[in-house]
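The hints should help you fit chain B onto chain A, whose structure is shown.
Taken in sequence, the protein lines are chains A and B.
The first sequence begins at 1 in the UniProt record's numbering and counts up one residue at a time.
The second sequence begins at 1 in the UniProt record's numbering and counts up one residue at a time.
Some hints here could point you the wrong way.
Label pairs and their computed distance ranges (CB to CB) [to be verified]:
1. B:F200 / A:D54: 18 to 26 Å
2. B:L138 / A:I70: 42 to 50 Å
3. B:Q179 / A:I70: 27 to 35 Å
4. B:A110 / A:D63: 51 to 59 Å
5. A:S38 / B:K4: 47 to 55 Å
6. B:V114 / A:D165: 52 to 60 Å
7. B:L107 / A:S38: 37 to 45 Å
8. A:S38 / B:A10: 44 to 52 Å
9. B:Q179 / A:G39: 21 to 29 Å
No lab work stands behind these hints, which were simulated from the structure alone.
We put the beta carbon where it would ideally sit given N, CA and C, even for glycine.
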Amino acid sequence: MGRIVLDQVTKSFGDVTVIPPLDLTIEDGEFAVFVGPSGCGKSTLLRLIAGLEDVTSGAIRIDGEDATSISPAKRGLAMVFQSYALYPHMSVRKNIAFPLRMAGMDKAEQDRRVDLAASVLNLTDYLDRRPGQLSGGQRQRVAIGRAIVREPAAFLFDEPLSNLDAALRVGMRLEISELHKRLKTTMIYVTHDQVEAMTMADKIVVLRAGFIEQVGSPLDLYHAPRNLFVAGFIGSPKMNLIAGAEAAKHDAHTIGVRPEHISVSATDGEWSGVVAVSEHLGSDTFFHVHQTGLADTITVRADGEVGFRHGDRIHMTPRADVIHRFDEQGLRIA
Amino acid sequence: MATKASRAAARLMLAPAVILLLGWMLVPLTMTVIFSFKRYLPMRGGDLGWVGFENYVRFVSSSAFWPAVQSTLMIVGGVLLITVVLGVLLAILLDQPMWGQGIVRILVIAPFFVMPTVSALVWKNMFMDPVNGLFAHLWRFFGATPVSWLSEASMPSIILIVSWQWLPFATLILLTAIQSLDSEQLEAAEMDGAPPLSRFIYITLPHLARAITIVVLIQTIFLLAIFAEIFVTTQGAFGTRTLTYLIFQRVLESQNVGLGSAGGVYAIILANILALFLMRIVGKNLDR
Numbered sequence: 001m002g003r004i005v006l007d008q009v010t011k012s013f014g015d016v017t018v019i020p021p022l023d024l025t026i027e028d029g030e031f032a033v034f035v036g037p038s039g040c041g042k043s044t045l046l047r048l049i050a051g052l053e054d055v056t057s058g059a060i061r062i063d064g065e066d067a068t069s070i071s072p073a074k075r076g077l078a079m080v081f082q083s084y085a086l087y088p089h090m091s092v093r094k095n096i097a098f099p100l101r102m103a104g105m106d107k108a109e110q111d112r113r114v115d116l117a118a119s120v121l122n123l124t125d126y127l128d129r130r131p132g133q134l135s136g137g138q139r140q141r142v143a144i145g146r147a148i149v150r151e152p153a154a155f156l157f158d159e160p161l162s163n164l165d166a167a168l169r170v171g172m173r174l175e176i177s178e179l180h181k182r183l184k185t186t187m188i189y190v191t192h193d194q195v196e197a198m199t200m201a202d203k204i205v206v207l208r209a210g211f212i213e214q215v216g217s218p219l220d221l222y223h224a225p226r227n228l229f230v231a232g233f234i235g236s237p238k239m240n241l242i243a244g245a246e247a248a249k250h251d252a253h254t255i256g257v258r259p260e261h262i263s264v265s266a267t268d269g270e271w272s273g274v275v276a277v278s279e280h281l282g283s284d285t286f287f288h289v290h291q292t293g294l295a296d297t298i299t300v301r302a303d304g305e306v307g308f309r310h311g312d313r314i315h316m317t318p319r320a321d322v323i324h325r326f327d328e329q330g331l332r333i334a
Numbered sequence: 001m002a003t004k005a006s007r008a009a010a011r012l013m014l015a016p017a018v019i020l021l022l023g024w025m026l027v028p029l030t031m032t033v034i035f036s037f038k039r040y041l042p043m044r045g046g047d048l049g050w051v052g053f054e055n056y057v058r059f060v061s062s063s064a065f066w067p068a069v070q071s072t073l074m075i076v077g078g079v080l081l082i083t084v085v086l087g088v089l090l091a092i093l094l095d096q097p098m099w100g101q102g103i104v105r106i107l108v109i110a111p112f113f114v115m116p117t118v119s120a121l122v123w124k125n126m127f128m129d130p131v132n133g134l135f136a137h138l139w140r141f142f143g144a145t146p147v148s149w150l151s152e153a154s155m156p157s158i159i160l161i162v163s164w165q166w167l168p169f170a171t172l173i174l175l176t177a178i179q180s181l182d183s184e185q186l187e188a189a190e191m192d193g194a195p196p197l198s199r200f201i202y203i204t205l206p207h208l209a210r211a212i213t214i215v216v217l218i219q220t221i222f223l224l225a226i227f228a229e230i231f232v233t234t235q236g237a238f239g240t241r242t243l244t245y246l247i248f249q250r251v252l253e254s255q256n257v258g259l260g261s262a263g264g265v266y267a268i269i270l271a272n273i274l275a276l277f278l279m280r281i282v283g284k285n286l287d288r
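If we strip away everything but chain A, and leave its shape as in the complex, we get:
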């Protein structure tokens, strides 16, 4: 069980308010991702939930119980740190068993749980090594192993993949998602990478300067961003934001069109411009188009076979049904 409720939680360091009053509910078994640019308070929020930082005011409830002033160890949460924070002088087995040893569990039960976790995480062959002898991905798995043996109410991940290389990151992303499907335990995951957020989350919490900008499923956020910030943050490449006369045609202050919702043609279209850079990924091609009279750059996605090059003039047509409209305050017009 792991339903986590934040009720009017605030956090300040001296005079600096990092988290203004904030309400959030994470349901039992949910995979929640906190995402936002660096310095938006997402790690602080995670540390507040973990108990590594004290809240300035407000309450944190775990399974209906007030956990605001309970010590981190007693909250029944397990955390995976960005640096993994493995104990370098202990073997992998001892690292994973450490929380059990601290809980005073008997040796046979410790071994049983460590062996189980090791087999789940493919670490059985490495149990007698030290963390220094492992690769980045293996260390990551040891850190996760140390978290799962405690059978916690919820897992907290603090940017766990940011120290891995790109290929390994994709692999670990799948492993963590799979682990969540199998354990069905609440997970809270902090990242600045919106791809991680989109691919893993049941619920994404977009944060900016401590404020929650929007909470919703990945597709909610993709299809109906509540404001300009979320619109620009979710989706890759970024949504094209166009202000001025073109937006006025749609009765809006700003309109947003995703690169994948624009079709390109050599001959005719609603907008036109000159290709500055074309990125060929094989499956897709991205054109960065200048001199459109709409915005500095318009990004367009086309099929892999479309072969415009630098300097070519192209014509573009947005799909009318998926144009996002925003008012002067940057809020979505329904």
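Same frame as chain A, but now just chain B:
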């Protein structure tokens, strides 16, 4: 350092320093070894010829030898124990964020800058003097009879003085080591349910193991040779005669250079055995 010419130039430029250092070490060492096989009494006839191992046998069979070894080990062991234990505690204390951190750290390190002779004199006359010392005043204030430290508790007094000098060194090395401890490890241990004492035992102490062995190694080498502290306080009386001090007495007070040199060779062997032993421990710790 890639070409032949640059390697040759490097050797040439290093040569003066290497020759100087070798001379500095080899000349006294050779002279000590030569004298140790001679009967050499500067005031009573000078060089009286070769005597084989007689000096070695006499030095060891002297009634002063084993007590000297014992007091040497007691001082080294006592000082190491005090400086390492207090050094770890002080390092943890100084690592806490506090107001005036810079000044406090400099003050803690200050005793290390005081010359051994001076600090021993200060301790002897200012603190431990049975009539005018601060300790005597303190004892009298509470109605107790002042202790004449250097004669009644000579060994603990000398250990205290030397520990006071070496504590800053240990603290400094251990403080830098403690500052390199990843705070996320401590937080992870906290999340794992380890109370403060367990965090200290399972995380902080193993992290400090390497620094502690280095402190022990360096201090042992220097503590085997302490002399000034004994010279200005007890003059080797009241069971504080160490091996170093015994050699000094043989050479300068008894004017027997041959016998003293034999003691010197024993001291070299003892120091090397200890150093070898400690290097192996350090080596084992550095492997990880």
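Here is how each hint holds up against the structure:
1. B:F200 / A:D54: 18 to 26 Å: 22 Å, holds
2. B:L138 / A:I70: 42 to 50 Å: Holds - the Cβ-Cβ distance for B:L138 and A:I70, about 47 Å, lies within 42 to 50 Å.
3. B:Q179 / A:I70: 27 to 35 Å: 30 Å, holds
4. B:A110 / A:D63: 51 to 59 Å: About 55 Å separates the Cβ atoms of B:A110 and A:D63, which means 51 to 59 Å holds.
5. A:S38 / B:K4: 47 to 55 Å: 52 Å, holds
6. B:V114 / A:D165: 52 to 60 Å: 54 Å, holds
7. B:L107 / A:S38: 37 to 45 Å: 39 Å, holds
8. A:S38 / B:A10: 44 to 52 Å: 47 Å, holds
9. B:Q179 / A:G39: 21 to 29 Å: 25 Å, holds
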